[in-house]
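**Q** Chain by chain, the residues:
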Amino acid sequence: MSSIPTREVARRAFAHEYNDASYTFKESDDERAPVYALLPTGERANRVFIVGTLTETEDIGEDSEYWRGRIVDPTGTFFTYAGQYQPEAASALRDIEPPAYVAVVGKPRTFETDDGDVNVSVRPESINVVDAETRDRWVVETADRTLDRIERFDAEGNEYGSMADEQYDLPLAEYKQAAVEALQSLEAEDGESDEPAKVET
Amino acid sequence: MSVTQHAKEIHEQFSDQLDVSVEEIEERLDTLINEYRIPADEARRSVVSNYLDETDMDRDDLGGGGNETVEVATIAEDEQWVDLRVTVADLWEPRSESISQVGLLGDGSGTIKFVAFETSELPELTEGESYALGNVVTDEYNGNYSVKLNRTTSITELDEEIEVGNDDVSVEGALVDMQSGSGLIKRCPEEDCTRVLQNGRCSEHGEVEGEFDLRIKGVLDDGEEVHEVIFDKEATERLTGTGLEEAKQMAMDALDTTVVADEMAAEIVGRYYRVTGPTFGRYVLANEMEQLGGADAEATLIRARSM
Numbered sequence: 001m002s003s004i005p006t007r008e009v010a011r012r013a014f015a016h017e018y019n020d021a022s023y024t025f026k027e028s029d030d031e032r033a034p035v036y037a038l039l040p041t042g043e044r045a046n047r048v049f050i051v052g053t054l055t056e057t058e059d060i061g062e063d064s065e066y067w068r069g070r071i072v073d074p075t076g077t078f079f080t081y082a083g084q085y086q087p088e089a090a091s092a093l094r095d096i097e098p099p100a101y102v103a104v105v106g107k108p109r110t111f112e113t114d115d116g117d118v119n120v121s122v123r124p125e126s127i128n129v130v131d132a133e134t135r136d137r138w139v140v141e142t143a144d145r146t147l148d149r150i151e152r153f154d155a156e157g158n159e160y161g162s163m164a165d166e167q168y169d170l171p172l173a174e175y176k177q178a179a180v181e182a183l184q185s186l187e188a189e190d191g192e193s194d195e196p197a198k199v200e201t
Numbered sequence: 001m002s003v004t005q006h007a008k009e010i011h012e013q014f015s016d017q018l019d020v021s022v023e024e025i026e027e028r029l030d031t032l033i034n035e036y037r038i039p040a041d042e043a044r045r046s047v048v049s050n051y052l053d054e055t056d057m058d059r060d061d062l063g064g065g066g067n068e069t070v071e072v073a074t075i076a077e078d079e080q081w082v083d084l085r086v087t088v089a090d091l092w093e094p095r096s097e098s099i100s101q102v103g104l105l106g107d108g109s110g111t112i113k114f115v116a117f118e119t120s121e122l123p124e125l126t127e128g129e130s131y132a133l134g135n136v137v138t139d140e141y142n143g144n145y146s147v148k149l150n151r152t153t154s155i156t157e158l159d160e161e162i163e164v165g166n167d168d169v170s171v172e173g174a175l176v177d178m179q180s181g182s183g184l185i186k187r188c189p190e191e192d193c194t195r196v197l198q199n200g201r202c203s204e205h206g207e208v209e210g211e212f213d214l215r216i217k218g219v220l221d222d223g224e225e226v227h228e229v230i231f232d233k234e235a236t237e238r239l240t241g242t243g244l245e246e247a248k249q250m251a252m253d254a255l256d257t258t259v260v261a262d263e264m265a266a267e268i269v270g271r272y273y274r275v276t277g278p279t280f281g282r283y284v285l286a287n288e289m290e291q292l293g294g295a296d297a298e299a300t301l302i303r304a305r306s307m
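In order, the protein sequence lines correspond to chains C and E.
Heads up, the first sequence is in the UniProt record's numbering, so the first residue is 1 and it goes up one at a time.
Heads up, the second sequence is in the UniProt record's numbering, so the first residue is 1 and it goes up one at a time.
FYI, nobody ran anything at the bench for these hints, they're computed from the structure.
Positions of the beta carbon are idealized from the N, C-alpha and C atoms, including for glycine.
Be aware that a few hints might be false.
Claimed, not checked - Covered stretches of chain E (chain C as the covering partner; in silico rule of three or more C-beta atoms under 8 Å from a C-beta of chain C):
id	stretch
1	192-200
2	218-226
3	296-304
Unchecked claim - Partial chain E-side listing against chain C, Cβ under 10 Å, derived:
id	residue
4	Met178
5	Gly293
6	Met307
What the hints assert, rightly or not - If you want the ones that stay clear, here's a sample from chain C, every Cβ over 10 Å from chain E, calculated:
id	residue
7	Ala33
8	Pro98
9	Ala155
10	Pro171
The shape of chain C in the complex, shown without the other chains:
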């Protein structure tokens, strides 16, 4: 079993936190070693799973198609880019008519802008249209995972907690507050949402 490289877990983080995850690192010198983005609540992320509303798609490519999608969750906006090396995700962005709930599995990517800011985006492995229930479940799950990370942030031996402490000077309370607001936004929706939920038998 140990001979099979373990698959990287897809972390859950709200856009508000994800977009702050500008510090990336590798854990070995191997050229092919996975690159991790450091979540400010103290976890390494080589893969993420996000569910939100695709609000806008645009082909920003010059010579070949290069699609940008904006995916909004209750706390902010994820940016995802797909070109010729992500043909399935690119065609999903080409075909899906916004607004639509989408689930994205992807890898964190960072790039530095001309004025020195670091932007964090998602390089998608897959993009699929999902229903409102899946989105709601993701919000609750992501809130739970965020709270998990905040709870163990200062725990002894939490390598990524101390790394986040060192690399970022960001108040954890803000991420907790974002999680609370995300949950409240679900509660407020309750009863008035007439989103057609696909029922599976």
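Start from chain C and add chain E according to the hints.
**A** Just chain E now, kept in the frame of chain C:
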């Protein structure tokens, strides 16, 4: 078990063929165990091998002289001779003429695969009946254990019913990936071979006329752990609503089998599922599944506010 007990049992196994006393056997065992510090099981094995050589017998010829009666879930070593008290939980269609019966035996601890061979000429086991099986041998393949019945296996029908425990596991999470080898696949039709063909070729039998099947290998991810799950033909049909005939039609219309996997991925990737079934190596075999809907925000809100 004491050295004397081991010696008595070995004596029992060879008493017909060999003129050897319990004391002699005990002495040999004692030397190995107490002088050479060899584990008792290994010492016993070595002494038995010795006598097998002397008598020109096969290990298979050995009588059932008292093995340990074990629970199936505790079997974790290859080539161990054990006794079982089990119920026949399931019988499958043998894929080879050399196999007389194949299926699942269960006891309180779970289930284990068993195989009985034609050459052993054993009475047939009946599904749902409970038996005491003496002298079966354990086998290992890719980390999975099974037991083989053999010529020396004693089969006694039990009056009591041995209850079969459940060793199923339940995993849940978002289905984040559908792995290659999913969708409409072809399997090797050779006897006893079910390998999935790659470009019409079986890794064992070369180019063959494959048989269509449906399968999904998926990854469930809850943000903390990943679990690999296999959906067989029936489970795939329940999960995606697409049956084998429909899938074949789709592939024929598109002149391409990969459309099936693509359409299935669009249906299921990104959704949350709970899957229940037995484990097979690193996979969970999906016997039952359900899609998970919206979760309870209230409980998490209360948690957040109490932090």
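**Q** Take the hints in turn and mark each one as holding or not.
**A** Against the structure, the hints come out as follows:
Counting residues of the stretch 192-200 of chain E whose C-beta lies closer than 8 Å to any C-beta of chain C gives 0; at least three are required, and the coverage claim is violated. Note: the stretch 218-226 of chain E has 7 residues with beta-carbon separation from chain C under 8 Å; the three-residue rule is met and the coverage holds. Here's how the stretch 296-304 of chain E fares: 7 of its residues keep a CB closer than 8 Å to some CB of chain C, so the rule of at least three is met and the hint holds. Proximity of Met178 of chain E to chain C holds as hinted, the smallest CB-CB distance being about 9 Å (cut-off 10 Å).
Hint on Gly293 of chain E holds. Least Cβ distance to chain C is approximately 4 Å, under the 10 Å limit. Contact between Met307 of chain E and chain C, as hinted, is supported at the beta carbon level, the nearest pair being about 6 Å apart and thus within 10 Å. The Cβ of Ala33 of chain C sits about 19 Å from the closest Cβ of chain E, beyond the 10 Å cut-off, so the non-interface label holds. Separation of Pro98 of chain C from chain E is adequate, the least Cβ-Cβ distance of about 16 Å exceeding the 10 Å criterion.
Here Ala155 of chain C stays apart from chain E, with its beta-carbon at least about 14 Å from theirs, past the 10 Å limit. No beta-carbon of chain E comes within 10 Å of the beta-carbon of Pro171 of chain C; the shortest separation is about 14 Å.
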